[in-house]
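K.L.:
Protein chains in written order, with full-length UniProt numbering: chain H, 1 to 90; chain D, 1 to 568.
Derived from the structure by calculation, the hints contain no laboratory data. Fair warning: this is a prediction, and the values are worked out from it, not measured in the lab. The reader is advised that the hints may include incorrect statements.
As the list claims (entries may be wrong) - In the BS3-like style, the derived pairs of lysine-lysine whose C-alpha atoms are separated by at most 25 Å in a straight line are:
no., chain 1, residue 1, chain 2, residue 2
1, D, Lys333, D, Lys291
2, H, Lys7, H, Lys62
3, D, Lys40, D, Lys326
4, D, Lys40, H, Lys66
5, D, Lys460, H, Lys62
6, D, Lys333, D, Lys235
7, D, Lys326, D, Lys63
8, D, Lys460, D, Lys512
9, D, Lys326, D, Lys313
10, H, Lys74, D, Lys313
11, D, Lys63, D, Lys40
12, D, Lys313, D, Lys300
13, D, Lys313, H, Lys62
14, H, Lys66, D, Lys63
15, H, Lys7, D, Lys313
16, D, Lys326, H, Lys66
17, H, Lys62, D, Lys326
18, D, Lys313, D, Lys199
19, D, Lys199, D, Lys326
20, D, Lys101, D, Lys9
21, D, Lys9, D, Lys40
22, D, Lys326, D, Lys235
23, D, Lys235, D, Lys300
24, D, Lys313, D, Lys291
25, D, Lys300, D, Lys326
26, D, Lys300, D, Lys199
27, H, Lys62, D, Lys300
To be verified - Only some residues are given here: those of chain D computed to face chain H with a beta carbon under 10 Å:
no., residue
28, Gln127
29, Cys130
30, Cys309
31, Ile311
What the hints assert, rightly or not - Derived Cβ-Cβ restraints for the label pairs, each shown as a range:
no., chain 1, residue 1, chain 2, residue 2, range
32, D, Gly116, H, Gly28, 19 to 27 Å
33, H, Glu18, D, Asn523, 54 to 62 Å
34, D, Asn62, H, Arg25, 34 to 42 Å
35, H, Met36, D, Thr202, 43 to 51 Å
36, D, Gln334, H, Arg25, 43 to 51 Å
37, H, Val14, D, Gly15, 36 to 44 Å
38, D, Gly316, H, Leu31, 26 to 34 Å
39, H, Arg25, D, Lys101, 24 to 32 Å
40, D, Cys130, H, Leu31, 29 to 37 Å
Glycine included, C-beta positions come from ideal geometry on N, C-alpha and C.
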Amino acid sequence: MTLHHLKITAFDHVMVVERLLQVTRYRGFRLCGLSMLPAQQDNLLDIQLSVESDRSVENLTKQLLKIIDIEQIKVEDQGLQTYPVSEVLN
Amino acid sequence: MTGAELLLKTLQQHGVDSLFGYPGGAIMPVYDALYDSPIKHFLCRHEQGAGFAAVGYSRASNKLGVCLATSGPGATNLITAIADAFSDSVPMLAITGQVAKKAMGSDAFQEVDILGLSLACTKYCHQVQCAREIPEAVTRAISIAYQGRHGPVLIDIPKDVQVQQLDCEQAEQLLSDSTLNPQTVAPSNPVISLPDQQKLQTLLEESRAPIFYVGGGVGMADAVAQLRELMAVVKIPSVTTLKGIGAIDPDTDYFLGMLGMHGSKPANLAVQESDLLIALGARFDDRVTGKLAEFAPNAKVIQLDIDNCEINKRRGVDLAIVADLKDSMPIFKQLLIGLRPRLQIESWQQRCQQWLSKFPWRYDHQGQGIYAPWVLSELSNMLSANAVTTTDVGQHQMWAAQHMRMHDPKNFLSSGGLGTMGFGLPAAIGAQVSRPEDLVIAVCGDGSLMMNIQELSTLKRYQIPVKIVLIDNARLGMVRQWQELFFQERYSETDLSDNPDFVALAMAFDIKAKRINTRQQVNAALTEMLAHQGPYLLQVHIDEMENVWPLVPPETANHGMLEAGNAK
Ligand SMILES: Cc1ncc(C[n+]2csc(CCOP(=O)(O)OP(=O)(O)O)c2C)c(N)n1
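One chain only, chain H, in its complex shape (with noise of 0.2 Å):
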């Protein structure tokens, strides 16, 4: 299992973070920790997403980049190893 912590911006738009949630669920990554608020940018959302899993990430951020509204992901820690998850958001 890796931990990785993805920073995405994206419009919002009423449903875009429950299809974050559904898409990350589904292609198989365990939510660890998540934030949100309005960015500098009217319009706009800066959202925090940390994920577990043992598929690849990139997966993840090519699903998550066709939502519509999804503008930019970046993922800012790769293939660290799991640590106990509350001790890592701690």
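Given the coordinates of chain H, assemble chain D with the ligand onto it according to the supplied hints.
P.N.:
Relative to the frame of chain H, chain D with the ligand by itself:
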């Protein structure tokens, strides 16, 4: 003008002239507006039927299929068809009524969270909050349905928004704004880059046994003509997936048929022995690959697809080209023209030809009973090149795929990704409305037909001249076959010998029908059916123990296929 009227005007603006749907409380204002609209509405007898009709309408042409339903149960009944469109990348617009905004979230009568429900099976879904938003929201949804890899979209419209009044001038302005908005114009899709062209060239030059593996993406990209031009340059052997059927003309040299679980022996053997697999709009589906680790084990892979997510998803590739197939095929063709003198594939072509000669389909069946593959092959010989065939799901579907010759992917509509029983009849209705000039045949199973049997009523109501060929084995045949082969002949719940009398049933809907039991009756019955002007049901009784061959068992490589002779 009301929101409902504005909705219909917006659809008209996008060229929509037919809708498939079913009314109910929360969509009544739209139905009221339809009463005066030039758009033709087809009342199906179940929202699932309306959804599949929209899918069939889209798949048979380049036009957008649109289905319409009320909130709650109307909307949930659409879900299977939407999921089907999602699996098979079909552009389709579903419009649902919703309870009024102030009732939303209160568990109101017929309220269901359709946005939540459709999340996993739409590319995009949106609920409009006021009538003003309608033109732009619909335009955006339609453009998304066609953007990149196609797929279904859903617009949910609360009832109060449908009745909201707008002054006409404002409405006209909104309509013209929504067409002009450059954001809503289909975006340009990328083509093959120069470095990729070089890699492509090298891989082709090195290959001694290349094969085209053609999927549904070619048809969806409207790239059939481009593919054929490409294939005419060098006669590289080829196979198709279920959804790719029709993309390659069946008379093409070294075309080996469909690959996969029920693929032809030549197709599966050739793919297994190939050294270069050129996947065009195909996604290495599990029904295609069999045991993944042993699929085309010696082949390098070139994959062209519009959807980046399909690259390296199940099989690692040596060259990935994320591009629009229609635009990139001509570049590929130019490249092949340059390479032609240097390619060394003659002995591979001969090997493929030997497989074709050694393992042809055989129709010399014993006994007086009717052999389904033979009926479908005979039927196919009687059809013109532009006839459309739809199928349900099961053995008959695989027999149609194996034994009918298709000249365009728009002529063979089968539920591939989702494998949804009950698809055949309503999809045929949609296809017939979409292409009124062409003959439409629905090849159905007795189990599947019963799943949307109510659509016989739609045939009757509009005198839609679909010809139903019911392959009747009085069983859930495909499941029965698996029970026979893999569950020790324990035939749990697959006996349908208490089926209704299908001929009487069709006649109850004023549809001409006939049942045949022996091979001598086949040709006359097919001729009579095809000569009939209106809808027709031909019930073809076959042996319930008939199996589909070849069959690649689960977790087996495709060359380990079972055949009639070696199955037991
Ligand atoms: C909606 C749905 N439910 C269940 C299945 C599973 N299933 C696949 S094939 C099949 C049997 C189909 O029987 P029939 O339509 O009579 O066709 P046959 O195989 O006999 O040709 C079943 C139950 C399915 N594909 N779709």
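K.L.:
Determine for every hint whether it applies to the structure shown.
P.N.:
Evaluation of the provided hints:
no.: 1; hint: Lys333/D to Lys291/D; in the structure: violated (32 Å)
no.: 2; hint: Lys7/H to Lys62/H; in the structure: holds (14 Å)
no.: 3; hint: Lys40/D to Lys326/D; in the structure: violated (32 Å)
no.: 4; hint: Lys40/D to Lys66/H; in the structure: violated (34 Å)
no.: 5; hint: Lys460/D to Lys62/H; in the structure: violated (47 Å)
no.: 6; hint: Lys333/D to Lys235/D; in the structure: holds (12 Å)
no.: 7; hint: Lys326/D to Lys63/D; in the structure: holds (18 Å)
no.: 8; hint: Lys460/D to Lys512/D; in the structure: holds (10 Å)
no.: 9; hint: Lys326/D to Lys313/D; in the structure: holds (23 Å)
no.: 10; hint: Lys74/H to Lys313/D; in the structure: holds (20 Å)
no.: 11; hint: Lys63/D to Lys40/D; in the structure: holds (14 Å)
no.: 12; hint: Lys313/D to Lys300/D; in the structure: holds (15 Å)
no.: 13; hint: Lys313/D to Lys62/H; in the structure: holds (10 Å)
no.: 14; hint: Lys66/H to Lys63/D; in the structure: holds (24 Å)
no.: 15; hint: Lys7/H to Lys313/D; in the structure: holds (23 Å)
no.: 16; hint: Lys326/D to Lys66/H; in the structure: holds (21 Å)
no.: 17; hint: Lys62/H to Lys326/D; in the structure: holds (23 Å)
no.: 18; hint: Lys313/D to Lys199/D; in the structure: holds (21 Å)
no.: 19; hint: Lys199/D to Lys326/D; in the structure: holds (20 Å)
no.: 20; hint: Lys101/D to Lys9/D; in the structure: holds (23 Å)
no.: 21; hint: Lys9/D to Lys40/D; in the structure: holds (13 Å)
no.: 22; hint: Lys326/D to Lys235/D; in the structure: holds (20 Å)
no.: 23; hint: Lys235/D to Lys300/D; in the structure: holds (19 Å)
no.: 24; hint: Lys313/D to Lys291/D; in the structure: holds (15 Å)
no.: 25; hint: Lys300/D to Lys326/D; in the structure: holds (23 Å)
no.: 26; hint: Lys300/D to Lys199/D; in the structure: holds (12 Å)
no.: 27; hint: Lys62/H to Lys300/D; in the structure: holds (23 Å)
no.: 28; hint: Gln127; in the structure: holds (8 Å)
no.: 29; hint: Cys130; in the structure: violated (14 Å)
no.: 30; hint: Cys309; in the structure: holds (5 Å)
no.: 31; hint: Ile311; in the structure: holds (8 Å)
no.: 32; hint: Gly116/D to Gly28/H: 19 to 27 Å; in the structure: holds (21 Å)
no.: 33; hint: Glu18/H to Asn523/D: 54 to 62 Å; in the structure: holds (56 Å)
no.: 34; hint: Asn62/D to Arg25/H: 34 to 42 Å; in the structure: holds (35 Å)
no.: 35; hint: Met36/H to Thr202/D: 43 to 51 Å; in the structure: holds (46 Å)
no.: 36; hint: Gln334/D to Arg25/H: 43 to 51 Å; in the structure: holds (44 Å)
no.: 37; hint: Val14/H to Gly15/D: 36 to 44 Å; in the structure: violated (29 Å)
no.: 38; hint: Gly316/D to Leu31/H: 26 to 34 Å; in the structure: holds (28 Å)
no.: 39; hint: Arg25/H to Lys101/D: 24 to 32 Å; in the structure: holds (29 Å)
no.: 40; hint: Cys130/D to Leu31/H: 29 to 37 Å; in the structure: holds (34 Å)
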